[in-house]
Amino acid sequence: MPVIEVQRQALPILDSPNQGARFYNPDLPSSEPYVPGHRTCAGCGPAIQYRMTSKASGDNTILVGPTGCMYVANSSYLCTPYNVPWAHTQIGSAGSFTAGVAAAYEAMIRKGKWKGTFPNIICEAGDGSASDIGLGSISGALYRNHDCLIICYDNEQYANTGIQASSRTPYGAMTTFSPPGPKVPEAKTLYPKDLARMMAAGHPHCYVATASVGYPIDLMNKVRKGLNHRGAAYLMVYTPCQKGFVYETPRSIDLGRLVVECGLYPIWEWNPEKRAYDYSFRPQSMRPVSDYLKLQGRFGHLHAEHIANLQKFANEQWRMMGVELPEALIRAADAKNQVNMGAAAEAEAVAQTL
Amino acid sequence: MATTVTSSTKKKTVRMNGCVASAQAAKYADVDVITAYPIRPYTATMMALAQMVANGELDAEYIVADSEHSQLSIAHGASSSGARVFTGSSGVGVQFAYELYSPISGSRMPVQMMIADRTLDPPGDFGSEHTDALSTRDMGWLMGWACDAQEAFDNHLMAYRIGEDPRVLLPQMVCQDGFFVSHITTDVELPDPGQVKEFLPPYKHPYPLDPRHPVSHGPQIMPEQGPPLQLERARAMEGSMAVIEQVHDEFAQIFGRKYDPWVEEFMTDGAEVVFFMQGGHAVTARFAIQHMRDEGVKVGLVRLRTIRPYPTDRVNQVLSKFKVVGVIETNMGLGSVSSGGSLYAEACAALYESPQHPLVISFMAGMGGEAIVLKEFYWMTKKMTEAQRRGKIEKRTHWVGFEE
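Sequence lines, in order, name chains A and B.
Just so we're aligned, residue 1 is where the first sequence starts under the working numbering, counting upward by one.
Just so we're aligned, residue 1 is where the second sequence starts under the working numbering, counting upward by one.
FYI, nobody ran anything at the bench for these hints, they're computed from the structure.
One or more hints might be untrue.
[What the hints assert, rightly or not] Taking lysine-lysine pairs in the DSS-like style, the calculated list, with each CA pair at most 27 Å apart, reads: (1) B/K197 / B/K258; (2) A/K111 / B/K204; (3) A/K312 / A/K336; (4) A/K183 / A/K193; (5) A/K55 / A/K115; (6) B/K258 / B/K10; (7) B/K197 / B/K11; (8) A/K111 / B/K11; (9) B/K298 / B/K323; (10) B/K298 / B/K321; (11) B/K375 / B/K321; (12) B/K321 / B/K392; (13) A/K113 / B/K10; (14) A/K111 / B/K10; (15) B/K204 / B/K298; (16) A/K225 / A/K55; (17) B/K382 / B/K298; (18) A/K115 / B/K10; (19) B/K197 / B/K298; (20) A/K115 / B/K204; (21) B/K197 / A/K113; (22) B/K395 / B/K375; (23) B/K298 / B/K395; (24) B/K204 / A/K113; (25) A/K193 / A/K294; (26) B/K197 / A/K111; (27) A/K193 / A/K312.
All values derive from a computational prediction rather than experimental measurement.
Using the sequences provided together with the hints, build the complete structure.
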């Protein structure tokens, strides 16, 4: 039987001064695989990410959408915002369904049943799918190295089901499954699963990176690097959720920067060729975690000790990236130097409306 | 004439078990994506396919999945993209994938799944019981049992042809008993590839995930948008019946083996009591019936070949000819209509509209994968003839081997 060689795409990397934080770039493609008209909330971080991601990928793309916000809010009532093929799959099937699509195209192109350049196959899994129920399926797809990109749009909770804690929900965050109360004043007691590192450590042949909607060009370049990488790639993207985080709608992109600047969301790349982390990404400034926490109702109940715990956690992240900590951040990790969240009562009232 | 000679030279009879016959069928169907996860006894099918791929006899993506749930999701994704897909499982593996059965049939993807039955846990029991696949029988998959390796091979080819028909577009579960079929070696006639080419055209889904023709699969809906979609799936299942009959006819013309798509009747001429059953135990039943016929007992066999779609009218028409029907379950229907298995209810419901009801008895036999031996068939026949004489049944369900 004749075997046809599979042709693959090579997407150009965009110029990205300013850590890719610039919004306008003349080289951005004009195509919009993800169009308006969906039913996501105003300021939806995952939706902003979706647009950037699919723009970077272009029209020769197939999207896979496991159950999550980006399924439910995007594809309501038989209307979908996709200009490229898209398929829903089960929340636990993120990696496996995507692997099936990739395998089908490998076989169909090789056997002459489909003619064309191998499509960009992207899975958009929420953090509930990626860190909990679909973790095994994603690990399987990465391990087997299917030519695809699996994105975890990380809004740190199960949002479309009404804000429940996932393995990615940060310590101290209030969700409907982790409410604060007299016995559990900090709300969520567990620290988030270090998902991206887990993927890099366990599947070192894959391109793995973290990104944030606060740095659009950096995000889009990582999408392209992941797609250009021959084999599987994994990208975890910070995508704030105004409904679950309880913040002012226009501040999604601000939060996307602040979370990086305060060290709670380290941005890095795993280089599969060198088998090494690249920690060269540096935000323009460093801040205490309270600058980030105080903007969000989900942290409104925190006491000084909890904030100090989060600062300790952030400091560990900085150290892991090889950053020397300024004195102020070391001091901020001591509860004596923190105060309770002033807006605790107000935040609680807002949280009741979730 | 010359072509006939050429093609017949490529036809060959080879000894193989049911698992290998299934693997051979997947090879003849030129599947594009195979996805495996180990569980006995179906594993032998995937072992055979792995070797074919390694030998270069079959060009397919062979994916070792991380679970049965992933297996079925991979199959779903690949089928949605336009590839012909083959997968399979046994026992609790069939259940681990349960979430995917409705999404696959609902998105109308003709995934094919081979089942070699295994008893569900607890406890870990390798034996064949049909509960694994039967528990998924209402999920929109075409489903039926083979009773030997040749029939399994043939069923796989026919199932692809039926499921991929644009009038049907439904997934298929092609079932065989674990061990009694999957691991018993018999002669299987492998066809000429030209015959398969003539019978089974390449898979072509009307709306695959293709960047040149963007489509969305499976968006969310409002409750009132649900009924029409469910109705469409129900109609596809119902409409498949005509296609199933047509495909069986064409199969007979091309391959020379003629199957009744719905039921096999064995020695039912002049029979007054019959067994109603599925799968490999029918081979033993035929021997038992032949022996009892020699002794003057008017017993026969009606073997169900397709349970989804359920041939209600045909079952009614066939079974209502007899005085007593003995349903051999080989499956668990705990707390069901008969407190026995689930096949009883399927038989009785089909008979309900018939003015002449035979008496129906449910036999719990072959449970846990135990062989149903000849003397048990004699015992069950005695129960049926006694009921015929008395004009009523002793009780609805007998656990064979636990009673005098």
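Status of the hints after comparison with the structure:
no.: 1; hint: B/K197 / B/K258; result: holds (19 Å)
no.: 2; hint: A/K111 / B/K204; result: holds (14 Å)
no.: 3; hint: A/K312 / A/K336; result: holds (13 Å)
no.: 4; hint: A/K183 / A/K193; result: holds (24 Å)
no.: 5; hint: A/K55 / A/K115; result: holds (24 Å)
no.: 6; hint: B/K258 / B/K10; result: holds (21 Å)
no.: 7; hint: B/K197 / B/K11; result: holds (14 Å)
no.: 8; hint: A/K111 / B/K11; result: holds (25 Å)
no.: 9; hint: B/K298 / B/K323; result: holds (10 Å)
no.: 10; hint: B/K298 / B/K321; result: holds (13 Å)
no.: 11; hint: B/K375 / B/K321; result: holds (26 Å)
no.: 12; hint: B/K321 / B/K392; result: holds (17 Å)
no.: 13; hint: A/K113 / B/K10; result: holds (25 Å)
no.: 14; hint: A/K111 / B/K10; result: holds (23 Å)
no.: 15; hint: B/K204 / B/K298; result: violated (49 Å)
no.: 16; hint: A/K225 / A/K55; result: holds (14 Å)
no.: 17; hint: B/K382 / B/K298; result: holds (11 Å)
no.: 18; hint: A/K115 / B/K10; result: violated (31 Å)
no.: 19; hint: B/K197 / B/K298; result: violated (44 Å)
no.: 20; hint: A/K115 / B/K204; result: holds (14 Å)
no.: 21; hint: B/K197 / A/K113; result: holds (15 Å)
no.: 22; hint: B/K395 / B/K375; result: holds (20 Å)
no.: 23; hint: B/K298 / B/K395; result: holds (22 Å)
no.: 24; hint: B/K204 / A/K113; result: holds (10 Å)
no.: 25; hint: A/K193 / A/K294; result: holds (23 Å)
no.: 26; hint: B/K197 / A/K111; result: holds (16 Å)
no.: 27; hint: A/K193 / A/K312; result: holds (16 Å)
In this structure, the earlier hints numbered 15, 18 and 19 are contradicted, and the remaining ones agree with it.
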